[in-house]
Amino acid sequence: MAALTDLDHPSLGAVLKTALDAVVVMRMDGTIAGWNDVAERSFGWDFAEARGRRMSELIIPPHYREAHEKGLAHFLATGEGPVLDTHFEITALHRDGREFPVELSITVARQFGEPVFLGFLRDISERHEAGRRQALLLAELNHRVKNMLAVVSGIAHQTVRASTTLPEFSKAFAGRLESLARAHEILTSGAWERASLGALAEALLGSYAQPGDGRARIAGPEVMLSPRQFMSVSMILHELITNATKYGALSVAEGRIALDWRDEADGRIGLDWKETGLADIAEPAHRGFGSRMIALSVGHELDGTGESAWQPDGLLFRLRFRRD
Amino acid sequence: MIVTAQLPIGWIFGGGPPPPAPPAGAAAEAPGTGLARRILIVEDEIMIAWWMQTAIEEMGYGRVDIVASGEAALDAVARDAPALLVMDINLGPGLDGIATAERIRETGKMPVIFVSAYADEATRERIARNIPGATLMRKPVPTEAFQQAVRAALDPKARPN
Numbered sequence: 001m002a003a004l005t006d007l008d009h010p011s012l013g014a015v016l017k018t019a020l021d022a023v024v025v026m027r028m029d030g031t032i033a034g035w036n037d038v039a040e041r042s043f044g045w046d047f048a049e050a051r052g053r054r055m056s057e058l059i060i061p062p063h064y065r066e067a068h069e070k071g072l073a074h075f076l077a078t079g080e081g082p083v084l085d086t087h088f089e090i091t092a093l094h095r096d097g098r099e100f101p102v103e104l105s106i107t108v109a110r111q112f113g114e115p116v117f118l119g120f121l122r123d124i125s126e127r128h129e130a131g132r133r134q135a136l137l138l139a140e141l142n143h144r145v146k147n148m149l150a151v152v153s154g155i156a157h158q159t160v161r162a163s164t165t166l167p168e169f170s171k172a173f174a175g176r177l178e179s180l181a182r183a184h185e186i187l188t189s190g191a192w193e194r195a196s197l198g199a200l201a202e203a204l205l206g207s208y209a210q211p212g213d214g215r216a217r218i219a220g221p222e223v224m225l226s227p228r229q230f231m232s233v234s235m236i237l238h239e240l241i242t243n244a245t246k247y248g249a250l251s252v253a254e255g256r257i258a259l260d261w262r263d264e265a266d267g268r269i270g271l272d273w274k275e276t277g278l279a280d281i282a283e284p285a286h287r288g289f290g291s292r293m294i295a296l297s298v299g300h301e302l303d304g305t306g307e308s309a310w311q312p313d314g315l316l317f318r319l320r321f322r323r324d
Numbered sequence: 001m002i003v004t005a006q007l008p009i010g011w012i013f014g015g016g017p018p019p020p021a022p023p024a025g026a027a028a029e030a031p032g033t034g035l036a037r038r039i040l041i042v043e044d045e046i047m048i049a050w051w052m053q054t055a056i057e058e059m060g061y062g063r064v065d066i067v068a069s070g071e072a073a074l075d076a077v078a079r080d081a082p083a084l085l086v087m088d089i090n091l092g093p094g095l096d097g098i099a100t101a102e103r104i105r106e107t108g109k110m111p112v113i114f115v116s117a118y119a120d121e122a123t124r125e126r127i128a129r130n131i132p133g134a135t136l137m138r139k140p141v142p143t144e145a146f147q148q149a150v151r152a153a154l155d156p157k158a159r160p161n
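Chains as they are written, first to last, in the numbering used here: chain A, 1 to 324; chain B, 1 to 161.
In case anyone wonders, no lab produced these hints; they're calculated from the structure. Virtual Cβ for every residue (Gly too), placed ideally from N, Cα, C. Wrong hints could be hidden among the right ones.
Selected chain B positions facing chain A (in silico; Cβ < 10 Å) [what the hints assert, rightly or not]:
(1) 45
(2) 46
(3) 54
(4) 55
(5) 72
(6) 117
(7) 118
All chains, please: the whole structure from these sequences, using the hints.
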């Protein structure tokens, strides 16, 4: 194995050979006298290329070189070195010109025949990248939380307008928040990538489809929606369920709901909500929260169409939209 | 017999009291101008857009339209220039709110209110540089503060001293 240092000292050779960090030996004149394998990998120079060259020209980025040379001169003149015997973070220079973050500690060693500086450097690029990603995630979370608070504020505002009593408001508002929370839970479990329409239908309507109840039937192929469309459809389904519970198929024992969806020939998703088992359905005199919210969601968020029909025994609602 | 209606015709069976009527004469005469004025909301979260629309309607200004993307905003403005733009900044894929407002401002100098969760220094500087005079409000915004900003944008005499 080639020598890792020009200094003839077995202990120094052992240190260089076994260290897990990059180790650079620098003479008092600023030239390189030792360099281990990790340093070769970290900086792109082998020892044969590095030996005898000024360290400042090889691995110190240009904008730090003057300070380095001044610090070295100051140490030689006074024996003072504020960066000695401590850990600090700085950037180093790779052979290809790339700067990368390192954790650096420098000590003065006098036991290897002549006094030398020993620099221990650890590449902390991955740690920095993880920190950068975490900062980005926190910033994104911050934005999402504020946005969600604004959504909740909007829901509260509109629910107040549609309520005649405080208990009515409280029940409607809590239901909408719960539905929002369930949709968020499904999206979060999939890292806010696409989420399953079937999972959403099960989460919101599943309890009515269980054996022992059986008032709802859910059927459809696997359809994955973008977070934006998923949230939109979740709010629409919640309003349909709430309406069915108060006035529709879930308000009477004989009522039934069939929710099914499919890929249409034109590439859109077709979703049908069909209530049966009712009688004497009348068109409402004015639009409530649900109808306004659904109309806005269908038109603006899904960029689709929504059609409602009063059949003799219940409501049929047809939603068509193109997948994001 | 099947009765079919394209939304947004009402179909929910009941559901709360009728919406309150706007102030008398409000739709025909907006404060400070004697004219009804169209306001355009550009916001991709429909619950937020709806809240804004209602808050502005309660003030008695003219028509309040909603679009969900920068591209849709450009189309809407090309058809009929609004007196005020209320803009989200992060509008998903495509143009963001600031870039959209910048393009719109090339054709008309209507006031702009940004309402966004993105209200950091970099965003403020970008708005100051590209949309001078625009207001930036950080979500969530209290209704009264939002209405005050709308009033100040449409009627500068209403600005608090």
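Hint check:
At its closest, the beta carbon of residue 45/B sits 6 Å from a beta carbon of chain A; the interface hint therefore holds under the 10 Å criterion. The interface hint given for residue 46/B is met, as the beta carbon of that residue sits about 5 Å from the closest beta carbon of chain A, less than 10 Å. Hint status for residue 54/B relative to chain A: holds, with the closest Cβ pair at about 7 Å, below 10 Å. At about 8 Å, the closest approach between the beta carbon of residue 55/B and any beta carbon in chain A falls short of 10 Å, and the interface hint on this residue holds.
A least Cβ separation of about 9 Å between residue 72/B and chain A falls short of the 10 Å threshold, and the interface hint therefore holds. Taking 10 Å as the C-beta cut-off, the interface hint given for residue 117/B holds, the closest approach to chain A being about 4 Å. For residue 118/B, the interface hint holds, since its Cβ comes within 10 Å of a Cβ in chain A; the closest pair sits about 6 Å apart.
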